[in-house]
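In order, the protein sequences belong to chains A and B.
Under numbering that gives the first Met the number 0, the first residue of the first sequence is numbered 0, with each subsequent residue one higher.
Under numbering that gives the first Met the number 0, the first residue of the second sequence is numbered 0, with each subsequent residue one higher.
These are computed hints drawn from the structure, not numbers from a lab.
Quick caveat: nothing in here was measured; it's all calculated off a predicted structure.
Misleading hints may appear alongside valid ones.
What the hints assert, rightly or not - Taking lysine-lysine and the PhoX-like style, the derived pairs with C-alpha atoms no more than 25 Å apart in a straight line are: (1) Lys280/B <-> Lys137/A; (2) Lys34/A <-> Lys23/A; (3) Lys146/B <-> Lys23/A; (4) Lys34/A <-> Lys146/B; (5) Lys137/A <-> Lys23/A.
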Amino acid sequence: MQFGRRIPNLLHDEHVATMSALEKLEGLLGRYRLKQPPEAADPDVAAVLGQVASALSAEMTTHFNFEEEVLFPVLMSRGEGDIGELLAEEHAAILPLGERVSALATEGRRDGFAPDAWAEFHRLSAELIERLVSHVQKEELSLLALLDDVLEDEDDARLTEEFLMRR
Amino acid sequence: MSLAVASFLGGAKSRLLPASIPFRFFAAAVAAHVLLWIALFAGSAEVPRFVGGLGTPLAAVHLLTLGMLAMTAIGAAFQLLPVATKQPMASQGAMRLTSWLFIPGVALLVVAMATRAIYLLAAGALLATLGLLLFAGLVAHNLWRVKGMGLVVAHGRAALAALVLVAAIGFVLAADYHHFWGIDHARTALAHFILGAFGFMGMLALGFSYVLVPMFALSPAPSAPLGYGALAAASAGILLSVAGAFAASPMLLLSGALAGLLATLLHFEALRRSLTRRMRKRLGLSFILVRGAWVLLPASLALGAALAAGAPVPNGATLFGFLALFGWLLTFVLGILQRIMPFLGSMHATRPGGKPPLVSELTLERPLQAHAVAHGLALTAVGAGIVLDTPALVAVGSLLGVAGALAFAWFALGVVRRMGGLGAIAS
Chain A
0 MQFGRRIPNL LHDEHVATMS ALEKLEGLLG RYRLKQPPEA ADPDVAAVLG QVASALSAEM
60 TTHFNFEEEV LFPVLMSRGE GDIGELLAEE HAAILPLGER VSALATEGRR DGFAPDAWAE
120 FHRLSAELIE RLVSHVQKEE LSLLALLDDV LEDEDDARLT EEFLMRR
Chain B
0 MSLAVASFLG GAKSRLLPAS IPFRFFAAAV AAHVLLWIAL FAGSAEVPRF VGGLGTPLAA
60 VHLLTLGMLA MTAIGAAFQL LPVATKQPMA SQGAMRLTSW LFIPGVALLV VAMATRAIYL
120 LAAGALLATL GLLLFAGLVA HNLWRVKGMG LVVAHGRAAL AALVLVAAIG FVLAADYHHF
180 WGIDHARTAL AHFILGAFGF MGMLALGFSY VLVPMFALSP APSAPLGYGA LAAASAGILL
240 SVAGAFAASP MLLLSGALAG LLATLLHFEA LRRSLTRRMR KRLGLSFILV RGAWVLLPAS
300 LALGAALAAG APVPNGATLF GFLALFGWLL TFVLGILQRI MPFLGSMHAT RPGGKPPLVS
360 ELTLERPLQA HAVAHGLALT AVGAGIVLDT PALVAVGSLL GVAGALAFAW FALGVVRRMG
420 GLGAIAS
């Protein structure tokens, strides 16, 4: 447990999973350059693509939706709306990127990568990694500590229940 | 402590100063970085045995300490402190006034040191001291109102106390060339050096590390008890060493260096525990420089302890100063500056409704790689030149330093250009 309350710890656990997927994706991009598509049949490549596709589609959307629909309004009511506004702006930039990378990862895993598709996947993944790392950075260092600070016990219990129901 | 890091990123965007304020200090620091290596080259014949006195090596040292290190610290503190403390700085006009006093003051001072122009020296020292005192006042005013953030604020206050003392002693040293008060320059200059390097810059380096390292590595806040332990040991070490310098007491100097080593140990343990739990495994080139600096800090203190104990190290005093200033502090500041310039640039370049530009879009990697290699080689060559008493090696190392500094300037110009040029910064 890194935080005193439960909800920041649950969000933190999802960040750890996302960062793990991103680190693997970054490793894949490092091993296979822009004009050098990998063999999708390679089990290591397939495993990374599978993890990336999963982390960047349903899991990311669920995480972002929970924050925007449930968490940020609570923070707004405590006079801490700025951070939610900033993070929601970033969600809007990250989500379409994540969905596209996830779709390309799924297709690449299934059919292999044509050179153009790999180049697009490579370029978008690099952008996504940077945006998402910076975003997780803000959430880890700002949002989660703030939650520990401003939430009451009953808020924490209610938010945790809502978080778990959505999984 | 958690709030130090907690509020940092979330509040960063809404508490940005006009880019022209921090970036004018960064620009001056980048220029001073090139000039300091040029000055070291120009004075390379005197460098291996340099222990003080007017001339080009002293100008190089002050281009580094005031022109590069303090200049970066002022730019970073003006921008990062209000974000971290959630308290605005008192006045943008006063921050601009600091630059108008400090930047020309440092320029006058180093020209006077290099040319041994006594009257210019007093004028430069006066302007630079006024700039530093104004900076100290602004930061003290900001820290005074902070609730929480104990560890970072405590380091900030210690750094400010050291700054006031180092500025006062520096001014007295400069004025003594005019008035011949009969001050023992060697003892006073050593106290001035210890307060400046380990007191002012050292405390800032320790304090900022507790915010910036977890931020860049995505790791938990460092242990507060270890951090306070490091602060106490460092403060004791600085006080003992300064007393040892004034009293010319090897025993006090040795005690101070050992306390400094203990502080280093506690500081690194706090950061090590934090970094082992980091989420970001790839920390990039900047952390190679930061880690290099972390090796050179205890190396300088161990050498200082050995010298105080009477160890016969050739040109040991010069090497001690070189390791602390060029090895530890310059390397550390360059590692941090190459992260915060594009980070701040990305925030400043964001337009309403638009996607924020990526930090990587503002970062030219090749110049940074070239700089890191040249910087490492420069430190090695100059360090070897000092130990071997070989000015030619110092000259070669200085030229490598110039090459590295130019590469770093190329990177810095790239950040400014990709932010939208000087017009974007001015607006």
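Against the structure, the hints come out as follows:
Of the supplied pair hints, the one linking lysine 280/B and lysine 137/A holds, its CA atoms being roughly 17 Å apart against a limit of 25 Å. Restraint check for lysine 34/A and lysine 23/A: satisfied, since their Cα atoms lie roughly 19 Å apart, inside the 25 Å limit. A C-alpha spacing of about 40 Å is found between lysine 146/B and lysine 23/A, which places the hinted pair above 25 Å, so the restraint is violated. Distance check on the hinted pair: lysine 34/A and lysine 146/B sit about 53 Å apart at the alpha-carbon level, beyond 25 Å; violated.
A distance of roughly 21 Å separates the Cα atoms of lysine 137/A and lysine 23/A; the hinted pair therefore holds under the 25 Å criterion.
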